[in-house]
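Take the given structure of chain A and dock chain B to it, following the hints.
Chains as they are written, first to last, in this note's numbering: chain A, 1 to 258; chain B, 1 to 258.
Since the hints were made in silico from the structure, they are not lab data. There may be inaccurate statements among the hints.
Which copy? The list can't say, so a pair holds if one copy fits it or any two copies do.
[What the hints assert, rightly or not] Subject to a maximum C-alpha distance of 16 Å in a straight line, what follows is the list of computed EDC-like cross-link-like pairs (lysine to aspartate or glutamate):
| hint | residue 1 | residue 2 |
| --- | --- | --- |
| 1 | K94 | D84 |
| 2 | K104 | E30 |
| 3 | K158 | D126 |
| 4 | K104 | E47 |
| 5 | K235 | D197 |
| 6 | K94 | D126 |
| 7 | K16 | E111 |
A quick note: this is a predicted structure, and the numbers were derived from the prediction, not measured.
2 protein chains.
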Amino acid sequence: MSDFTKITSRDNSLIKLVSQLNNSGRSRKEHGLFVIEGLRLCRDAAENGFGFTHLLVSQTAMDKYGSDIDFLYEKAERAYLLSDSVFDKISDTKSPQGIICLVKKEEKQYEICKKGRYIALENISDPSNLGAVARTAEALGIDGIILSDNGCDPFAPKSLRASMGALLRLPVIICEDFVSVLGGSGLELYACVLAPDARSLTDVSFSDGCAALIGNEANGLTDEAIAICNPITIKMAGRAESLNAAVAASIVMWEMQR
Amino acid sequence: MSDFTKITSRDNSLIKLVSQLNNSGRSRKEHGLFVIEGLRLCRDAAENGFGFTHLLVSQTAMDKYGSDIDFLYEKAERAYLLSDSVFDKISDTKSPQGIICLVKKEEKQYEICKKGRYIALENISDPSNLGAVARTAEALGIDGIILSDNGCDPFAPKSLRASMGALLRLPVIICEDFVSVLGGSGLELYACVLAPDARSLTDVSFSDGCAALIGNEANGLTDEAIAICNPITIKMAGRAESLNAAVAASIVMWEMQR
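Just chain A, with the same shape it has in the complex:
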């Protein structure tokens, strides 16, 4: 039988740490850890080579998911059994499944591949959008996601959940200097803008070695980013002034791979 340390108090320091990691990007950075919750996401992470420092399981989950928990136990440095009420306190979901892992945030250093097709997000602020973009990127066979470092955190619980784990599987490249990294990448760059005189997306022939840039939900791309790109636009009818950022990114990725 596996060796689990029992936690029954909400004041336990590990419980406090998990709450901090769930709620604060600064805490994730400081500790070099992030939280994943749910069997599916934890299995995904384990199968993609992520190491777990801690496995936390509720009593109910222990009774229900025995063999799956054995698998995760093998990947974790330390394992803890929590009373259901303590688990509920740290869960980030409405109906907790009862399984959380803390994962080492070893940022894999991915290189931009000169033949790759990328989606690049500048200062995306909504983790649900980031997650949806990653989920779509993986589904459509995009080679990776390039992010400016001032956007929302790809390791935030909401981002990871909305991505259905794609953020743990896809190459994610976070750039301190987004514009110069892309400018020096050798990729053909396309900026998605709202300007009606920009080239229509349907008139672009994407070829290997390209990236499409999508900007912040409220403000779009910066002038510096647009300056190094071919501006393209999704022609719109009706009175809508713009598309949701994840939708715009998805339509562009669809055309890149069509």
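Okay, now just chain B, sitting in the frame of chain A:
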């Protein structure tokens, strides 16, 4: 100067009503009212012929948006000036702008147009997805949205906000019996499914008089809905098993209008 009734107590019955309308679809149905918040959405609704029973304005908004509030005042049956702290209690947003209208839920009876191109959502459960689909539908010039009546409420604050008002502008047709309404509509019907042997979306030539059906986020379309449709699929690479429902709908609408 306009005639506003002052409200300074959180126990005021109108304040309680607004909270109920924000949080409960049953309450919206019972009272035949829904809530819209923010200057932009309220102006949009007024310009689209919606009548307001109540206009509620915070003291700060009154000082800041005088002329805009005059415009809304003309459209409203009754007007109220709220202390900022009372307004904060009923606001559904993090940074309230200070303007709320209660709108009569007169469901306009739209007919399905035989030459139209529609997106049809069966039991969509996430208001953010419904809103994003409406926003995209409007932007791409889709003729309307057909909804089963068991999904999330298009008049919920989250749906309206995510749609950027498109749900107030687009024809929205809510069907008690989704499958028979569509089956009898005369439209060419396409069911978006995950079956790898379904026809690829890129092989479909959409013509006037069609609808694409998207199912529930977790369970997809019902067998009854699929049975009356041509099954089509968005071919996927990688390990993703599905797309976010709003993203799938957006890609399909893009192809319908491409």
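Homo-oligomer pair classification [E111, K16; C-alpha up to 16 Å]: neither (36 Å within a copy, 56 Å between copies)
Copy assignment of K235 with D197, given that the CA separation must stay at most 16 Å: within (10 Å within a copy, 32 Å between copies)
Within, between, both or neither: K158, D126 at alpha-carbon 16 Å: Result: close both inside a copy and across copies, 9 Å intra and 15 Å inter.
Alpha-carbon proximity between K104 and E30, which holds within one copy, between copies, both or neither at 16 Å: Cα proximity of K104 and E30: one copy only (12 Å, versus 51 Å across).
K94 and D84: within-copy, between-copy, both or neither at 16 Å Cα: within (13 Å within a copy, 31 Å between copies)
Status of E47 relative to K104 across identical chains (alpha carbons, at most 16 Å): Answer is within: at 14 Å inside a copy they meet the 16 Å cutoff, but 53 Å across does not.
Copy assignment of K94 with D126, given that the CA separation must stay at most 16 Å: Intra 20 Å, inter 14 Å, cutoff 16 Å: inter-copy only.
Comparing the model with each earlier hint shows a violation of hint 7 alone; every other hint is respected.
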